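> The lines below spell out each chain.
Number of protein chains: 2
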Amino acid sequence: MPAKMFALAASALIAGAGLAKAQAPTPDRVQLQANAAALRDQALKGSPAYPFLRDLTTEIGERLAGSQKEHLAAQWAVARLKAMGFQNVHIESFPVPGWTRGEERAELISPSVQKLMVTSLGNAGATPPEGIEAPVALFHTYADMLAQPVGSLSGKIVIVTQPMVRAQDGSGYGALAVMRFLGAAEAEKRGAVAYLVRSLSTSDSRLPHTGATDFPPGMAPIPAGALSVPDAEQIDRLSADPSLKGQPLRMHLVLTPTFKPGATADTVVADVVGRERPDEVVLIGGHLDSWDLGTGAIDDGAGAAITTAAAKLILDMPRAPRRTVRLALFGAEEINFAGPAFAAVRSAAEQSHYVIAAECDFGAEPVYGVALPTGAAKTPYGAMLAEAIAPLPAYVDRAPARGGGEDVEPLSPHVPLAELQQDGTHYFDIHHSADDTLDKVDPHRMDKAVAAWVAFTYLAADSDVDFRAKPSSP
Amino acid sequence: MPAKMFALAASALIAGAGLAKAQAPTPDRVQLQANAAALRDQALKGSPAYPFLRDLTTEIGERLAGSQKEHLAAQWAVARLKAMGFQNVHIESFPVPGWTRGEERAELISPSVQKLMVTSLGNAGATPPEGIEAPVALFHTYADMLAQPVGSLSGKIVIVTQPMVRAQDGSGYGALAVMRFLGAAEAEKRGAVAYLVRSLSTSDSRLPHTGATDFPPGMAPIPAGALSVPDAEQIDRLSADPSLKGQPLRMHLVLTPTFKPGATADTVVADVVGRERPDEVVLIGGHLDSWDLGTGAIDDGAGAAITTAAAKLILDMPRAPRRTVRLALFGAEEINFAGPAFAAVRSAAEQSHYVIAAECDFGAEPVYGVALPTGAAKTPYGAMLAEAIAPLPAYVDRAPARGGGEDVEPLSPHVPLAELQQDGTHYFDIHHSADDTLDKVDPHRMDKAVAAWVAFTYLAADSDVDFRAKPSSP
Numbered sequence: 000m001p002a003k004m005f006a007l008a009a010s011a012l013i014a015g016a017g018l019a020k021a022q023a024p025t026p027d028r029v030q031l032q033a034n035a036a037a038l039r040d041q042a043l044k045g046s047p048a049y050p051f052l053r054d055l056t057t058e059i060g061e062r063l064a065g066s067q068k069e070h071l072a073a074q075w076a077v078a079r080l081k082a083m084g085f086q087n088v089h090i091e092s093f094p095v096p097g098w099t100r101g102e103e104r105a106e107l108i109s110p111s112v113q114k115l116m117v118t119s120l121g122n123a124g125a126t127p128p129e130g131i132e133a134p135v136a137l138f139h140t141y142a143d144m145l146a147q148p149v150g151s152l153s154g155k156i157v158i159v160t161q162p163m164v165r166a167q168d169g170s171g172y173g174a175l176a177v178m179r180f181l182g183a184a185e186a187e188k189r190g191a192v193a194y195l196v197r198s199l200s201t202s203d204s205r206l207p208h209t210g211a212t213d214f215p216p217g218m219a220p221i222p223a224g225a226l227s228v229p230d231a232e233q234i235d236r237l238s239a240d241p242s243l244k245g246q247p248l249r250m251h252l253v254l255t256p257t258f259k260p261g262a263t264a265d266t267v268v269a270d271v272v273g274r275e276r277p278d279e280v281v282l283i284g285g286h287l288d289s290w291d292l293g294t295g296a297i298d299d300g301a302g303a304a305i306t307t308a309a310a311k312l313i314l315d316m317p318r319a320p321r322r323t324v325r326l327a328l329f330g331a332e333e334i335n336f337a338g339p340a341f342a343a344v345r346s347a348a349e350q351s352h353y354v355i356a357a358e359c360d361f362g363a364e365p366v367y368g369v370a371l372p373t374g375a376a377k378t379p380y381g382a383m384l385a386e387a388i389a390p391l392p393a394y395v396d397r398a399p400a401r402g403g404g405e406d407v408e409p410l411s412p413h414v415p416l417a418e419l420q421q422d423g424t425h426y427f428d429i430h431h432s433a434d435d436t437l438d439k440v441d442p443h444r445m446d447k448a449v450a451a452w453v454a455f456t457y458l459a460a461d462s463d464v465d466f467r468a469k470p471s472s473p
Numbered sequence: 000m001p002a003k004m005f006a007l008a009a010s011a012l013i014a015g016a017g018l019a020k021a022q023a024p025t026p027d028r029v030q031l032q033a034n035a036a037a038l039r040d041q042a043l044k045g046s047p048a049y050p051f052l053r054d055l056t057t058e059i060g061e062r063l064a065g066s067q068k069e070h071l072a073a074q075w076a077v078a079r080l081k082a083m084g085f086q087n088v089h090i091e092s093f094p095v096p097g098w099t100r101g102e103e104r105a106e107l108i109s110p111s112v113q114k115l116m117v118t119s120l121g122n123a124g125a126t127p128p129e130g131i132e133a134p135v136a137l138f139h140t141y142a143d144m145l146a147q148p149v150g151s152l153s154g155k156i157v158i159v160t161q162p163m164v165r166a167q168d169g170s171g172y173g174a175l176a177v178m179r180f181l182g183a184a185e186a187e188k189r190g191a192v193a194y195l196v197r198s199l200s201t202s203d204s205r206l207p208h209t210g211a212t213d214f215p216p217g218m219a220p221i222p223a224g225a226l227s228v229p230d231a232e233q234i235d236r237l238s239a240d241p242s243l244k245g246q247p248l249r250m251h252l253v254l255t256p257t258f259k260p261g262a263t264a265d266t267v268v269a270d271v272v273g274r275e276r277p278d279e280v281v282l283i284g285g286h287l288d289s290w291d292l293g294t295g296a297i298d299d300g301a302g303a304a305i306t307t308a309a310a311k312l313i314l315d316m317p318r319a320p321r322r323t324v325r326l327a328l329f330g331a332e333e334i335n336f337a338g339p340a341f342a343a344v345r346s347a348a349e350q351s352h353y354v355i356a357a358e359c360d361f362g363a364e365p366v367y368g369v370a371l372p373t374g375a376a377k378t379p380y381g382a383m384l385a386e387a388i389a390p391l392p393a394y395v396d397r398a399p400a401r402g403g404g405e406d407v408e409p410l411s412p413h414v415p416l417a418e419l420q421q422d423g424t425h426y427f428d429i430h431h432s433a434d435d436t437l438d439k440v441d442p443h444r445m446d447k448a449v450a451a452w453v454a455f456t457y458l459a460a461d462s463d464v465d466f467r468a469k470p471s472s473p
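First to last, the protein sequences are chains H and L.
For the first sequence, numbering that gives the first Met the number 0 gives the first residue as 0, with consecutive numbering after it.
For the second sequence, numbering that gives the first Met the number 0 gives the first residue as 0, with consecutive numbering after it.
It is possible that some hints are incorrect.
[Claimed, not checked] So these bits of chain H aren't anywhere near chain L, every CB distance computed over 12 Å:
(1) 30
(2) 43
(3) 78
(4) 90
(5) 147
(6) 180
(7) 249
(8) 251
(9) 270
(10) 274
(11) 345
(12) 378
(13) 385
(14) 420
(15) 424
(16) 444
[To be verified] Simulated crosslink set (BS3-like; lysine-lysine; CA at most 27 Å straight-line):
(17) L/114 <-> H/244
(18) H/439 <-> L/81
(19) H/114 <-> L/439
(20) H/81 <-> H/114
(21) H/188 <-> H/259
(22) H/44 <-> H/439
(23) H/439 <-> L/114
Rather than coming from a laboratory, the hints here were simulated on the basis of the structure.
All of these numbers come straight from a predicted model, not from anything done at the bench.
Backbone N, C-alpha and C fix where the C-beta goes; we use that ideal spot for every residue, glycine too.
So here's chain H without its partners, still in its complex pose (with noise of 0.2 Å):
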């Protein structure tokens, strides 16, 4: 830790002295204190989140699960995190179903010849080469189209085009997403040959967003696909234009996606190994697969780069925390087939051992709340976290973590999960579409992310809470 850094949390101390006296704080917590708002205001600095975005979405570009390029990330990665000092960094491989993007083509026939912007649904299947042609099945909203009968959308291509709410949390996300990751198989049972929904998008875009789309075991895969918001809101236009009136909805749909047997995928695990437990283990990451239509910057390039710098600014300290911060860059994460991998080959007796894990997996805008696992927010450890961030300004949440991540989640029956909750109201205005690239990203906003990344990282590793304690009455 360079001279500066300490200067600065030297006054960092002496500015939140006040409180700290108030609180009567062991001569330990005035350290942990210290060292956290050293390594929050040296993340504010220039932390090495953006040269590791910059050179991973340039130097590799787009990183889809199972792909060739996927593995030059993993690879990639490991050469970065080695040549960082980072310790026991390796790959863990593990199957996945190798789905890969083929031609996409779409027209309406009628009641108008229009070229339509839309791209596969990952896990979707494909149509002939040649496309199919079909009558529309038009639905304004997701429950209109649940409520047809199974079997009465037989032979028809069936669109949903219910549009999607702004929210800073995502929660516009949340609520829509089973129309695109259920729809396909919905729309199945009641007889479509295909199905399209309006992408799950806040922008004017003409580029569609892809995602993950699930068929229950057994039921063959439909082409599926997203089409742009501005293709929705036409295909709405036009029927609804009365001098269309009774002309009916016919289109043309190319989507050729293909399935690679044997393919598999790489998470990349490194550690700053902790000095005096280091099997108790503070889990954080990002995943370093993305979606092929951009470079996967803010998805999730920015999550592996905010959790790698930030793991890379305690493993510069002059003295490793108590316990291992263990870094995970999981490599599957849109196709959910990561996080299980990595909870498989860890035993419950092995998690009974993490400390705490979160994913960070929400673009690269700054972190503005901390979500705990239950009663942590009133504890010594969330009252350090909530002096370190304050000045981001950052809040630690008084409602609990609802979660931690796609890839922590199967953690979740043995290991507490915690939520870094970033500002996520321009987040899907690019998520999952082409337009996922590096030019979207201000270094000095992640950096913010960084911030508030180092500080709940560093606490929990250096400190003895126990997030699995029952709370204490207040």
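With chain H fixed as given, assemble chain L onto it according to the hints.
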């Protein structure tokens, strides 16, 4: 004209009475000023522009010059203008090259395999169906490329990544358009096998922006395209990445446009016949053709809609203006074939009866200034126009018009031109891209443009202004 409209006109007249008295206006001028104000206010209350634009872009969509859709658009416009009550509605057809977009794919092969988003430039040549693979010669400015000797870029795919400046009046586009319009031919002279430019765009979208390129007679067109802004920046970063130094840029490029011999395009012409001097013509219009990537909402459905709405407001007056208002919806502006064809079928003698000509072709945003022929700002016409558009707000420019729009330029040897300046600050975010769709247009802001156009047009048609008169000394 509804009674309410004249009530508004009367109040506008009272508000302007002080100024009018100071200038000792004639009774005729008082009436002209009142009518101009009434037409302006009628436009602001809701003009026919948005319904025209909505229906054109919804029912027809894209309208590439010489395509089936462009002919459909002309037929649509004829029916629409007749239904609106215009006189002498007819189509004027003329030959065009019939350039049609084909497949478009680009991929870096080295130093990193990466898909790039590219689109063909209009009039450009084609690669073989399987594409070409070649080394890249990268230039960060157009001048750097022009500085290369003839033959020195033999076998290369030439890429120029100079960024465009955002400017309210579009001057950033004017300064750099030569890079797209002439760059392919200049690269070919130097030996290039293909030419790619960074899109002439002020956006950070992955959607590339097309536009015409030109080759001198006798030169076979090479493949030429535009890269999206983020893709151009990615290539710049890859070429500068220290860990990739010495690894050459190589690219695989597929662009397969074709030409359709015998193609024609259609300009639609309609009149509001003058009550006293019908052979004296005030010519306004926009262009009905568009690029094929979007639905041509801002370029130039909006210009067609704004001028149609202005003419319709004049058509609906209880008494026609003295002179004829002629509306031209040009059929091939994007490749500059419509203006020469329109001028060619009108003799110099006929053109000498055109009072003035102006084309609306800069989006759907408000007009903030009107530039008139030299000296006209200081005439009674200039004063009346300034008074009519002041509340929008908009001014009469102290400087004379430098042009009047691509399609009316060929008239300029014989016809005075005017320039109604629209706010183009955000125009080049979506211009010539797939993002040029109706959702980008605000009806109320577009009606502010109609208000300026109707005042400009009406005052020229119902006064005796002579834009050819020598300006009197001040």
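> For every hint, state whether the structure bears it out.
Hint check:
1. For residue 30 of chain H, the non-interface assignment is confirmed: its Cβ lies about 39 Å from the closest Cβ of chain L, beyond the 12 Å cut-off.
2. Listed as a non-interface residue, residue 43 of chain H keeps its Cβ farther than 12 Å from every Cβ of chain L; the least gap is roughly 25 Å.
3. At roughly 10 Å from the closest C-beta of chain L, the C-beta of residue 78 of chain H falls inside 12 Å, breaking its exclusion from the interface.
4. Against chain L, the non-interface label of residue 90 of chain H holds: every CB pair exceeds 12 Å, the least being about 20 Å.
5. Remark: the non-interface label on residue 147 of chain H is consistent with the geometry, its nearest Cβ contact in chain L lying 26 Å away (cut-off 12 Å).
6. Listed as outside the interface, residue 180 of chain H is consistent with that label: its C-beta sits roughly 24 Å from the nearest C-beta of chain L, beyond the 12 Å cut-off.
7. With a closest Cβ-Cβ approach of about 15 Å to chain L, residue 249 of chain H is found to remain outside the 12 Å limit, as its non-interface label requires.
8. Interface exclusion of residue 251 of chain H from chain L stands, the closest Cβ pair being 15 Å apart, more than 12 Å.
9. Residue-level check passed: residue 270 of chain H sits 25 Å from the nearest beta carbon of chain L, beyond 12 Å.
10. With a least CB separation of 33 Å from chain L, residue 274 of chain H remains clear of the 12 Å interface cut-off, as annotated.
11. Every CB of chain L is more than 12 Å from the CB of residue 345 of chain H (nearest about 34 Å), matching its label as outside the interface.
12. In this structure residue 378 of chain H is separated from chain L by more than 12 Å, as the shortest Cβ-Cβ distance comes to about 43 Å.
13. With 12 Å as the threshold on Cβ separation, the claim that residue 385 of chain H sits away from chain L holds: the shortest Cβ distance comes to roughly 36 Å.
14. The beta carbon of residue 420 of chain H is kept farther than 12 Å from every beta carbon of chain L, the shortest such distance being approximately 26 Å.
15. At the 12 Å boundary, the C-beta of residue 424 of chain H stays outside the reach of chain L, the nearest C-beta of that chain being 17 Å off.
16. At the 12 Å boundary, the C-beta of residue 444 of chain H stays outside the reach of chain L, the nearest C-beta of that chain being 15 Å off.
17. At most 27 Å may separate the alpha-carbon atoms for a hinted pair to count; residue 114 of chain L and residue 244 of chain H exceed this at roughly 41 Å.
18. Proximity of residue 439 of chain H to residue 81 of chain L is assessed by CA-CA distance (about 48 Å); at most 27 Å being required, the pair is judged violated.
19. Distance check on the hinted pair: residue 114 of chain H and residue 439 of chain L sit about 18 Å apart at the alpha-carbon level, within 27 Å; holds.
20. A C-alpha spacing of about 48 Å is found between residue 81 of chain H and residue 114 of chain H, which places the hinted pair above 27 Å, so the restraint is violated.
21. As the CA atoms of residue 188 of chain H and residue 259 of chain H are separated by approximately 26 Å, the hinted pair is consistent with the 27 Å bound.
22. Between the alpha carbons of residue 44 of chain H and residue 439 of chain H the distance comes to roughly 20 Å, so the proposed pair stays at or under 27 Å and holds.
23. Taking the CA atoms of residue 439 of chain H and residue 114 of chain L, the gap is near 18 Å; set against the 27 Å cutoff, the hint holds.
The structure shown violates the earlier hints numbered 3, 17, 18 and 20.
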